[in-house]
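K.L.:
This is what each chain is made of:
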Amino acid sequence: MNKYKKITLDGLIFQNPTFMLVLGTCPTLGLISSATSAAGMGLTVVVILTLSNIIISALKKLIPNEVRIPCYIVVIATLVTFARMLLEKFVPDLYESLGGFLALIVVNCIILGRAEAFANKHTVLESAVDGIANGLGFTCALTIMGIICEFIGNGSVFGLHVMDFKIGMFATPAGSFLVYGISIAVFVYVINLFERAKRVKVNRLARENLLDKEVA
Amino acid sequence: MTAKQFFKSTAFKCIVTLFSILLVCGVFLTIMYGFLEVTDEEKFARAVQKIYGKSVKTEEIKLDGLKTSFDYSSVDEAYKVLDDGNYLVKVTGKEGFGGSVTCWVVVIMGEDGDSNPSIDGIMKIVIDSAPGESYISKISQGALDSLASKAEYGKELEGGYKHGSQQKGDDYISTGASYSMRAISNCVNGAMEFVAGYALGIVNADFFADNGFEYLEMINNKKTSYTTSDNVVTYSIETTGNSPAGAFTITVKVGEDGVITEYTITEDGSTATDYSDKVFKDYVGKNADWFKSVIGADGTDNSNANYGGNGIQTGATRSNYLCLYAGLFATANYQKALETPYTGGNA
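Taken in order, these protein sequences are the chains called A and B. So the first sequence is residues 1 to 216, counted in the numbering used here. So the second sequence is residues 1 to 347, counted in the numbering used here.
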């Protein structure tokens, strides 16, 4: 398989940071009560994660191993501060809706985790792809759960009123926690089904090959 | 280690690398801040746009010499909106979720305009900034509009928790950010108080402090008043909260020599009946010295260290402290109250 395709599928699905690695739980639980906030946070993380991966990958040979974590944190904090400035200047509504969670991206374990686990071992291009894939994986997860929570908790989707019926608990972190747990269960179940089907297919092909060889 | 060895060591390389990255990042952010700084003018224009949906003509009110600091809020900026005659006030409300909330509040003026100014309520509340308020995003514009509709001049708005407690206020709006709503309510109260002082000429916020009354820390000066008759002072006191205990409303009569002759709790701020039962109520015959012996000469001993020896059952320390403090306030200010007719506007 093409390595870029594998990096992309890992980030989006097989090592999805939210559902499979359970990283970035704090902003997930704090923001998925609104689909708009969730999507906004996700897209911000995509940009920061991609840029941090690129910079850290480019600097990996210059940064001594002993101080790599402080250096990563400084780079990530700079990018987060820059993102905050941009959002406050050009998208003030989103800036306000993200509240304190925007600053907390500095300590988001997805970003530091990808820097440590991937960017400092791979090329700039691979790291960029990894950043985009993981960021989009995070964004999709947050947005899907945001839509579910907002729909059930407020009867709306992306702020548009859909129905009058609502269960207020789903607009709170407790409801978010419930939706998060159920989403993880469903996602892992689907991935397991897919992988089992893949294994069955591989085994069947192997058996057919073996039979063909025996017949020959 | 020699200097030469140090300069060749990994430690030196680490220091140089870290400081270089810090320097580059610092310079980058400084330059970017120059381009991306949101100026006060921009913030003001955004607030006006949010409130009115268009730009409006305003006239800035100079705050020098005006009363801008209130119990739970302070006014940062104020404008008269020339298009409709209302006031646009930027206020910072205290008692949020560990921080404060700054809001733009539009105070609606009566139809008579400047000839006979009156306050008709609040048109709009818009959040400007909320440092440290993690759950501020839970407060929707709908909740703020609902809070604005509950605001009335002369009534203290309580859209979140009550002051100093976790009890719901009278105008409570469920948002998931009750502390932040308390700070926003404080903004609204502060804005109306400021406009009342500026446009209506009414300044009665600090009657007790202005007249030299003591022991005010746990007393809600906007809901406390007294009357005097034949050397008897009858206080109607509302305390602040003392989390988790909420505010107590107490009627206290103080007679000759500053001794309590009647002490009735009319609203119990305890969080449960269990605690209400443990609130000491036998204050008749007690004077300021007795209260000082229990909660200290300055009234700040918020512990139960001296409760036992004075016949007070422990188990409701926070509630008992509020009741003791109200008693201390009433008895210690007995002479002052006799000499100063109450003109605070809460009677």
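Calculated from the structure, these hints are not laboratory results. The reader is advised that the hints may include incorrect statements.
Heads up, simulated DSSO-like pairs for lysine-lysine below, C-alpha to C-alpha not over 30 Å straight-line [unchecked claim]:
no., chain 1, residue 1, chain 2, residue 2
1, A, K89, B, K62
2, B, K124, B, K80
3, B, K8, A, K121
4, B, K57, A, K89
5, A, K89, B, K336
6, B, K13, B, K50
7, B, K13, A, K121
8, B, K13, A, K61
9, A, K61, A, K6
10, A, K60, B, K8
11, A, K89, B, K80
12, A, K166, B, K168
If you're wondering where the values come from, they're calculated on a predicted model, not measured in any experiment.
K.L.:
Taking the hints in turn, state whether each one holds.
P.N.:
Outcome of the hint check:
no.	hint	verdict
1	A:K89 to B:K62	28 Å, holds
2	B:K124 to B:K80	15 Å, holds
3	B:K8 to A:K121	26 Å, holds
4	B:K57 to A:K89	23 Å, holds
5	A:K89 to B:K336	55 Å, violated
6	B:K13 to B:K50	52 Å, violated
7	B:K13 to A:K121	20 Å, holds
8	B:K13 to A:K61	12 Å, holds
9	A:K61 to A:K6	25 Å, holds
10	A:K60 to B:K8	20 Å, holds
11	A:K89 to B:K80	26 Å, holds
12	A:K166 to B:K168	23 Å, holds
Violated hints, listed in ascending order, are 5 and 6; each of the other numbered hints is respected by the structure.
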